[in-house]
Amino acid sequence: MRYSAGLINTVREVPSEAEVISHQLMLRAGMIKKLAAGVYSFLPLGYRVIRKIEEIIRKEMDQAGAQEVFLPVLCPAELWQDSGRWSVYGPELMRCKDRHNREFCLGPTHEEVITDLVRREVKSYRQLPLNLYQIQTKFRDEIRPRFGLMRGREFIMKDAYSFDCDEAGADVSYQRMKETYQNIFRKCGLKFTMVEADTGAIGGNFSHEFMVLADSGEDLVVSCQKCSYGSNIERAECLPSKEKALPDAPLKPVEAVLTPKYTAVDEVADFLKVKKDEGVKTLIMKADEQEVVVLMRGDHELNEVKLKNLLNAVDIVMADEATIETITGGSVGFSGPVGLERVKIVADYSVQNLFNFVTGANKKDTHLVNVNWGRDCPVPQFADLRLVTETDRCPRCQDKLTITRGIEVGHIFKLGTKYSKALKAEYLDQKGDEKTIIMGCYGIGVGRTMAASIEQNHDKDGIIWPMPIAPYQVLVLPTDVTDKNIKDTAHDVYKQLLACGIETIIDDRDERPGVKFKDADLLGFPLRITIGSRSLKQGVIEIRIRKTGENLQVPKDDYKNRVIKLIQELQPQE
RNA sequence: CGGGGCGUAGCGCAGCCUGGUAGCGCACCGGUUUUGGGAACCGGGAGUCGGAGGUUCAAAUCCUCUCGCCCCGACCA
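Per our numbering, the first sequence starts with residue 413, numbered consecutively.
Don't read these hints as lab results, they were simulated from the structure.
Keep in mind that this is a model prediction, so the values were computed, not measured.
One or more of the hints may lead you astray.
Unchecked claim - 27 Å max Cα-Cα, derived DSSO-like pairs, lysine-lysine:
no., residue 1, residue 2
1, Lys812, Lys830
2, Lys720, Lys833
3, Lys673, Lys698
To be verified - So the derived label-pair ranges between C-beta atoms look like this:
no., residue 1, residue 2, range
4, Asp627, Glu467, 27 to 33 Å
5, Glu753, Phe482, 53 to 59 Å
6, Arg463, Cys639, 50 to 56 Å
7, Glu802, Pro662, 17 to 23 Å
8, Ala668, Phe794, 54 to 60 Å
9, Leu670, Gly496, 48 to 54 Å
10, Lys638, Glu753, 19 to 25 Å
11, Phe794, Pro484, 46 to 52 Å
12, Phe794, Lys688, 15 to 21 Å
For each residue, glycine too, the CB sits at the ideal point set by N, CA and C.
Work out the full structure, taking the sequences as your base and the hints as a guide.
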């Protein structure tokens, strides 16, 4: 590729729309361009990266025995009504109507479509197991598209679906995808970690996420320093807190204390001279329009996903002021469990062992001290409802936990029969009995993987592409194309490398060297060969490694071998 | 959807408060000199000032409405 013939426009200044580094660099490198919020065009260099990631995915998926298909983006509403998700998916589903007023949606994921296909095609156990995948544009009308390719409303996703006769087979399929995903991300040159995850709107029994660790990540990843335990914080289990021995002395009588204007746990604890973990905070939530009171220890945070799963709710939000006042009869900031009737109360395990604790009085500017379960308020339902913190211990091995930010680039689910049952995807087994197919589904965000790679591989000068997904492996850079000797040598090197099957681009623009060096760094090609008067005089070829900044001077007759070797060395190690 | 911010040339911004010729830097086009880490000078093209309505002799500027975009929360590959 000749640079001068390419559509490559780099920009010096950071566009104001970009917050995270991958977004900034992709815009500055002219790899993507925004058309609308969360909707991006890929320009030639950017699209080359996408295609490289896609090819790695295809190769690994095919090797795992999966077959590629291509499903429609436009999906009829009926299928979604059958699965029940037409109403559940909410405004995130891009809906539209055709000229006959029939309803459709733009596929945000394809369980319905693929299950429909399979139920029509598969009749016998002889046709199973099956793993079908596609790489395609998905649509989700996200409330807030963010961070460029990281969270778009239109995005490229690889989605795969497995179909098995029984649980054992489904486990094998799941396991195979788990390994395949690790291969894919490793071959893309990413550092990642696999964690347990919540199943969310897709549903199913259990799932794993593949996380690229990066500060800009939207997820929090909990991992054990000792064993292999890793989990999305949404799912991370909390070990029950150590039991506090009940006091020998009889429980103290409840007392109301004036705490004017103090609503925050910190303030109340300070004011009453107690520790934060000696108080119970009371959250009034709405779970699908049903009010529920949640009790947490003062120093803990609610994990909304756990609450959602406990209540089997679709949507959880904080109740508004009016609702809180109706339920508690008091003002916001002074809620407590005492005297609450006719409302569901759930509490985190950590408050189970508290006694003589502090809580709101459901009365303005008032808190209660020495509250005790049973005596002063009903004993609520206890459950694991809180967010893990770094002071918690690993639920598997009791060692220390760390919490880091991560970008979810892949997610695999064991679905079970959620969709096959709803859509009646069945087969006949050996005995001729009708059985429901067991499913799994497996997603990879292709654009997000590209963004995550940049988050992980960049420096102050720009992108540093891992070799396997770089738009070009080598950039040949003549410092001055008006010098015939330099120009001819550069073109010769360029042709030689192409002849070796190396993906090469030559910066044949009539620009000053500084401009070309800056662009080379920004665009992030792994290897750069500089042809200038300096190296010509010395009779050497100069190879620069983007990642390390190392400059190699190699003999003219050996440079091809060196380039080939360097390309190999820069491949991810097995 | 709630909270905050921003819409002026392809990009980054000034001008708005106090109404009166639409500006700067980068990028782009032509020219001269330059050429190993974002060159200098000369000349040039490019703008419905997000949109609609209003106030006014006069609106980028004041008022009302509206649309878009970005950031913080709920969603997720």
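Each hint tested on the structure:
no.: 1; hint: Lys812 / Lys830; in the structure: 36 Å, violated
no.: 2; hint: Lys720 / Lys833; in the structure: 23 Å, holds
no.: 3; hint: Lys673 / Lys698; in the structure: 25 Å, holds
no.: 4; hint: Asp627 / Glu467: 27 to 33 Å; in the structure: 29 Å, holds
no.: 5; hint: Glu753 / Phe482: 53 to 59 Å; in the structure: 57 Å, holds
no.: 6; hint: Arg463 / Cys639: 50 to 56 Å; in the structure: 38 Å, violated
no.: 7; hint: Glu802 / Pro662: 17 to 23 Å; in the structure: 37 Å, violated
no.: 8; hint: Ala668 / Phe794: 54 to 60 Å; in the structure: 26 Å, violated
no.: 9; hint: Leu670 / Gly496: 48 to 54 Å; in the structure: 51 Å, holds
no.: 10; hint: Lys638 / Glu753: 19 to 25 Å; in the structure: 47 Å, violated
no.: 11; hint: Phe794 / Pro484: 46 to 52 Å; in the structure: 47 Å, holds
no.: 12; hint: Phe794 / Lys688: 15 to 21 Å; in the structure: 20 Å, holds
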